[in-house]
Amino acid sequence: MSRARRLGAALVAAGLACNDGLAPIPAPTSCPPGFVGICGTVTFRGAIPESTDVVYVVAYDTFPQGPDDLFDFVPLLPPTLPLGGSATFYTLPVPEGRYEWVLAVWKKQGQLTISNADSLLREAGFFRDPADTTRAGVVAVSGIGTDEIDFVVDFDMMHPVSYWFPMPPQPR
Amino acid sequence: MRTRPSTAGALAAVLAAGPLAAQRTGVVYGTVRDTTGAPLAHAVVQASGTLLRTTADEAGRYRLAGIRDGPALLEVRLIGYRLERRTVQITTGDSVVADFALHPGPLYVGHEVVTAAKRSQLLDEAVTSVALVTRDDLRRRVVERIDEAVDKAPGVHYLNGQINLRGSTGYAQGLGARVLLLVDGVPMNQGDRGGINWDLVPVDWAERVEIVKGAGSALYGSGALGGVVNIITTDPPQRVHVRARATAGAFADPPHDVWAFRERMGGHGSLDVTASYRSDEFGGAATGGFRHSDGYREQSARDHWHVAAKGHYALAPATRLDLSGSWAVDEYEVPLLWCVRGTCEDGGQAYQPFKVDSSARGDRTWSGKGYVAAVLSRAATEQLSWTLRASWLRTRFTDFHRAGDDFSIANRLGVEGRVEARRTADGVVTVGAEATLADVSSDIFGTHTQGEYAVYAESERLLGRVRLTTGARIDFLAIDGSGLTAVVSPRVGAVIGAGAAVWRASAGRGFRAPSLGERFVTTVVPPFRVLPNPSLHAETAWSFELGHRRSLGVLGDLDAAAFWTEAVDYIEPAVNATTFEIQFRNLTRARLAGLDLAVTAAPFTPNLTTGLAYTLLYTREAPRDTAPARALPFRPRHLLRLSADWTPAPFTVGADLRIVSRFERVLLYESDPRVAERVLDLRFGWHWGSLDARLLVTNALNYIYNQVPRTLAPVRTLSLSAVWTY
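Which chain is which? The protein sequence lines are A and B, in order.
Per the numbering used here, the very first residue in the first sequence carries number 20; after that it's consecutive.
Per the numbering used here, the very first residue in the second sequence carries number -1; after that it's consecutive.
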């Protein structure tokens, strides 16, 4: 084989060896290996409002103390839940740590700003403390995926921001 | 009363000189061939010391009129061949034959460039790295836009249409390029966003593209912080010529059935027609064409129309007027982000790279852009020449979103005067003044103006074996008519040696004024609000380079460079996670350093040329707020290109392999899947008489990858192109 042909063959071989790009990833049904964060199953109840834009899953390391803390969630760009089924598995990539509130946030169609958050956002369901289901459950993430953080999203029982953080009385 | 010369007076004097025919001039004509007798189309023939030049046609024929009576030194250039010089005797009213046979030579040694010093010089005399994209590079890659071939040049990396020279720009959705685009020396960056429209000039016009790496602000001012790309257009050959090019092709389907997104295969096609005419005094070309693409992914169809015209008029042997202009319209769908689970019909997949997030379905953009430019040049004497130019670039777009439409209309007006004085054979001084006024009227950028006014000077002098360059430019910037802010950009450089081995070193300060878009943008990129930052100020950087160019004889060339850039107040988008806001801000400091290596060689047979280009890039931004020191986003550590072309006439076969390492850091969706870029392009060509047929398979292995998060890069694309030349 001439040197020119050898070079050509080497070039093609190098190219062929490179073909390991993106591949399909089935939607997970358990925490994927190597994943760091929170996983679980969300069960849907109630009728999905027609004005639904999207439903996010987010986590707060400290339970918000007021509207000013509302945007202190992780991750920066939260995953959305696929709607239409009776339940779905979710993965929430968050750093190692302790999270006091893991919840689903329903968003109405429209442009979200801090000032209109109360009318466009609803708490749609959250992970509850197994010992006291009236309270939010605390989730610990320690270097792997913390699985089975399951909760219910009830479209008939959603709460606006003002439900959790009532505005103080305004001076007359 | 004393009088003083004015521009109008100079113009009047030039016009009064009368056309070439009225002067004591003669004609030289002939052919340019290689040593086997094959015609060399597009060889440039120039009468030395004048602005008279022409281009050989497909049969290698040329004709150059208007040469002054007496001995005339003719120079014939073509990349890949040795420069030929010959003195011919010109007689008034007569013509003389001069045929040239060019000998193959080192690819770039002895080649002329015009960008690095804002005047003509040999490539080996440039104090900074210059990469060239030749007409042949453009032709054999069947490109429809010039950036598709510039992408293959050493040290260049494209990211969703945004050019990076040695990692200069990163990625900010087209805003704020740190590379200045020139068309025949005329700046063409957009007035509102500072970005680049690569399709302002038809591909068939380009004679070559010069890519100057490193800070070019000492001559070009703002925008040239990372480098300059200059598209040099060709003069039409003598008489009437027509060139028609038709291209058709198809996009590969997704390699996995679960990613299927349409019933039929997507296609693309284009038609371009260029007509040109040249007489002894006048030359011109006009081009029109359209392109359609179904796109390689969902919601990425695109239509494009363009018309362009250029002409030159030789007012006198030493005086030339160039006029050019174009207008292009694009209508395209916008596939901003791919679909992740729950945002489209995901088929049970975590993500669907060929589909878009359904919330953005229907988004599209209408975009129009065009320019007119006039350049008057005169070589008054062998020691003195000057150039005047004026240009107007206009861009407008409307984004159609479900949530509401956005629009912008922007203008960029520019004028420049430049004088080049050669004091002796060993020294030259370039002095100039330039003014640029940009304005925008937009619902997302507001209504604003930005003025840039500058003077500059650069001197080059041969001191023994050292060619020393020193110069500086001072720019005065004004926003909305406010007070002027001055920025000084000095540069010093040296070149040692000549011919086979050349060392070069340079140090220069560059700057970039933020574009009106970066400064005043107010928009929403769900779920973020993008906020204006009127206090954003110019970024500056010191760039250093040590380079070496060596001829490998008939084998080829080697060029290596080490570069180091220290930037202050670097402008990058900052994401505020707590308020869902993005804002362009000045970073305190940033560093970009690395090595550039480019080798071209014909190691086995003259019919086989190979190329290797490698860039090692290290970037760091200084700690800020709570963030530690870290890599700049969207910069690859390694960039490798291999290319080979085998040309057993009348056939050609070639390949390009591009490997770009996975970015260390991106903004947004950092945990999303991303892989390195590894793309193999194949090409085949056949030339028969006036017909040239090309087959191109880009991304031949259908490697599925992305570099920008949630944005699929092009899949395997087949293109068949036929070019007919009359």
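Everything labelled a hint here was simulated from the structure, so no lab data went into it.
It is possible that part of the hints are untrue.
[Stated by the list, open to error] Label pairs and their calculated CB-CB ranges: (1) 42(A) to 562(B): 33 to 41 Å; (2) 668(B) to 153(A): 52 to 60 Å; (3) 627(B) to 90(A): 24 to 32 Å.
Note that the Cβ used here is the ideal one computed from N, Cα and C, for glycine as well.
Checklist line | Numbered hints the structure breaks, given as an ascending list | finding: Hint 2 is the one this structure does not satisfy, whereas the remaining hints hold.
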